[in-house]
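Enquirer: Residue numbers (our numbering), protein chains in the order written: chain H, 1 to 402; chain P, 1 to 233.
Rather than coming from a laboratory, the hints here were simulated on the basis of the structure.
Residues on chain P that point at chain H, a partial pick, calculated with CB under 8 Å: (1) N30; (2) R33; (3) T43; (4) T44; (5) R46; (6) E47; (7) E48; (8) Y77; (9) V110; (10) Q130; (11) Y162; (12) R220.
Residues from chain H shown here face chain P by an in silico Cβ test under 10 Å; the list is partial: (13) P287; (14) G289; (15) W290.
Sample of chain H residues lacking proximity to chain P, with all beta carbon distances greater than 12 Å (derived): (16) G171; (17) G221; (18) A247; (19) G268; (20) W333; (21) P348.
In this text, a Cβ means the ideal position worked out from N, Cα and C, and glycines have one as well.
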Amino acid sequence: MAILLAAPMVAARAGEKDPFEGIEPPKPPPPEKPAGRKPKPWTDGLFGENFTLKREIMLQASHGDGELYSRHSLGLEVLKKWSTPTATVAAFNTQFRFVRRDNPIEVSNDHEGMGREGWYGEFHNFYLDLYNVFNPVMSDAAKGANIGRFNFRIGRFYLPMGLNLQTDTHGTVLQLSNERNFGFERDWYAGFWGSLNNYLNYDLYYLAGSGYYPKFRSQSGMLGARLSLANSFDTDYGLQGGLAVMAGERLDKMAVERSPSVAERADGHAVDTFRVGLDTRYRCNIPTGWLTFTFEGTGGRDERDAVLTQLYQAEYLHRSRKVGVAAQYRRFWQDIGRGPMMPGMERPGDVDSSIAFDITYYFRNDITQSNLHWIKLNVEQQLQRQMGDRNTIVTLQYYRYW
Amino acid sequence: MKRILLFLAVAAALLAVRRAEAAVGCTLSNPARDLKFLYPAMTTYREEARQLDTMSGGKAMFDALKQRLGSDLDPVYETYDTPYTLYTVYKGDEVIGIVHGVNVPGRGGVIQIFLATDPKTAEVRQLVFQRLESPAARALKAAEFRKQFEGLTLADFYKHDYYAVAEPASDKDRVGRLTNPVKGAPGEEDFTASLRGVRKNLILLDLFVYERRHEPFYQRAQEALAKLKAGIK
Chain H
1 MAILLAAPMV AARAGEKDPF EGIEPPKPPP PEKPAGRKPK PWTDGLFGEN FTLKREIMLQ
61 ASHGDGELYS RHSLGLEVLK KWSTPTATVA AFNTQFRFVR RDNPIEVSND HEGMGREGWY
121 GEFHNFYLDL YNVFNPVMSD AAKGANIGRF NFRIGRFYLP MGLNLQTDTH GTVLQLSNER
181 NFGFERDWYA GFWGSLNNYL NYDLYYLAGS GYYPKFRSQS GMLGARLSLA NSFDTDYGLQ
241 GGLAVMAGER LDKMAVERSP SVAERADGHA VDTFRVGLDT RYRCNIPTGW LTFTFEGTGG
301 RDERDAVLTQ LYQAEYLHRS RKVGVAAQYR RFWQDIGRGP MMPGMERPGD VDSSIAFDIT
361 YYFRNDITQS NLHWIKLNVE QQLQRQMGDR NTIVTLQYYR YW
Chain P
1 MKRILLFLAV AAALLAVRRA EAAVGCTLSN PARDLKFLYP AMTTYREEAR QLDTMSGGKA
61 MFDALKQRLG SDLDPVYETY DTPYTLYTVY KGDEVIGIVH GVNVPGRGGV IQIFLATDPK
121 TAEVRQLVFQ RLESPAARAL KAAEFRKQFE GLTLADFYKH DYYAVAEPAS DKDRVGRLTN
181 PVKGAPGEED FTASLRGVRK NLILLDLFVY ERRHEPFYQR AQEALAKLKA GIK
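With the rest of the complex left out, here is chain P:
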């Protein structure tokens, strides 16, 4: 009888316990080697886990992510309790990079997108596909395609929301000018999925690391779009 009560007590404790931050998110397969590849001058790195459902204000962040992404979140790859891992890269005591990965659903399966960003400007330094199950994998993994993302920030994606509608040919629309290397080819959907993945990754970085510094661009894009729509009516 005592054992049964103990079993029930353990069960109750398990159900009551609140999981703390997870340590098993979309992780680099070999962090030390991968980070060294991205930042050859590095000496050490720190891993930090983030999980919205265990963070203060996590629900609001999850809603904000969905809203700023502009599309529904996938019930398998993008849930409220999805764990994420942030890598802070050091050279001695100096922070020289922030690396973060996300999973997004693609046509051919999962797409794992890692961004190496500049800790000061929040610009993309490098885009890396860790896993890309797609007939378009070769073209999307090619250096020429990935190089286009260097220097982009989340602000560019928010601006794109406006320019794509108001000035589709604008030179200021840096995201709109990205070349699709698989246009009309098998796996074309994975180009769109990859863009969505980069945007999601940058939104999460903005929430986790960059203190929502790109929020004014989102607000301004939304206001400008609303004005446009009102003007048409």
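Chain H on its own, in the form it takes in the complex:
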């Protein structure tokens, strides 16, 4: 049909001159000389350029063990980047939530909130990144050769163990391993991160080991290091992965309470900790959407108790990005010490494990995760418990981030 239409058009314009004759070739834009920029008010610099204010609403109700727990929050996230005339040099991120909790029970995405019944103002991320920190003392050639290699981070962010650094679990019900493994999934830390070479990234930090509040009681803190596949593996093959080590002392009240031998050896709540972790995530296309498989495993010890954790997750997202389902199995084994118990106390079991299913309808599911809006149903069946009875926890969640 196009050919039939085109033929008379060609005939119609025979002999006409080219319609684009006479249009001047594109002129170069005014040269962007760094020195030529006018100084701007500081408010423009702070809020006008590379400043993002995101809003968040989360409404969640969970039922388990005959109890109905509710957790509703309003949140804010601030993202800000600073640049000199020729380079982006720093970024700041913070997340704050104003939360109302009633009747808290142990749900997978709110361990931290167990002791926060009622109103609570809480922060999540709070960190500053400084990019290419050695640039001021480098030649241009060295800057070019080391670009992206020496970035410095200070503040509160995800632990450098497992896939947490590469995964935004801020709003999801299904969580990764760290909160159960260490008692917190974020910590206060300082250290370096960047590209090691074309294939590997690194993270190397000193962590306070204190979890929510930056405090030093009797713990020495931890060193955390992670080597991970460069991001190009994710974009080219859908593959992420890493190998991590964390060692030192952390504050973890739950770790002390669940193991008599840890309680016997820990200095207050400061637990001597060692973990080695391996993680991987693979995303593949199928005709109707995407499948993603996740694995996190760690081994190590709390004081003298051997610890082994495993997490397996499979997810499906429909091509429309409107519907997603996921299943997760997690198992945390600890060789609970056989030391003497307090009279009348029951010895904890060695294993916490559960299986969870999750179905989500997305109103918005931006691929960059800059706009998210969903309603989610999650059912978690606890299979084995170290302490307490096994339960089935049903969670309904409404979430919007924009």
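Guided by the hints, dock chain P onto chain H, whose structure is given.
Expert: Chain P in isolation, oriented as in the chain H frame:
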């Protein structure tokens, strides 16, 4: 009661607040390394966020994008509030490149198309698929295919609108002469989606960086097409 009022006040503030420019658009997965690959001589780079719904005149730009693209925008990948990230690449104090990426829907999923452009001429220096979920991925990612885009400008795409109708065999139609490496093969639609993505990327660059310098070509193409149609009637 005070807490409830505070909660409601926070809620009101959240709903009233206007988001400023975003910093999380279609970003390079590892900007430092990726930009170094595109511009080996670089020393530093700047990231700048752009988001039409927070820009002065953003609605007009969004309408202009839709019109100049010549097709509807996808409700998932191409919304009014989609964030974009611009990378300006420096060698010392000199700007040596502008890099920008977009997401477009393809047959097999998302296609992320980055263009490295010349800051003076606005010509494509290199086309890179960061993410390409397609049975045709191997052919489209091949250097021979991507090399065809080097030197193209947005003007070539606007001219193509006219030549494709008036002179389909014209040598001046540089876009029309691009070779489709997956003709008749699975994922052929992703060739068309990729062309659309390159065009969208160049339109956005024209709006964000190049001060709409290719607009005369668009206007002239539209006028010439209108004349043709009128001549036929």
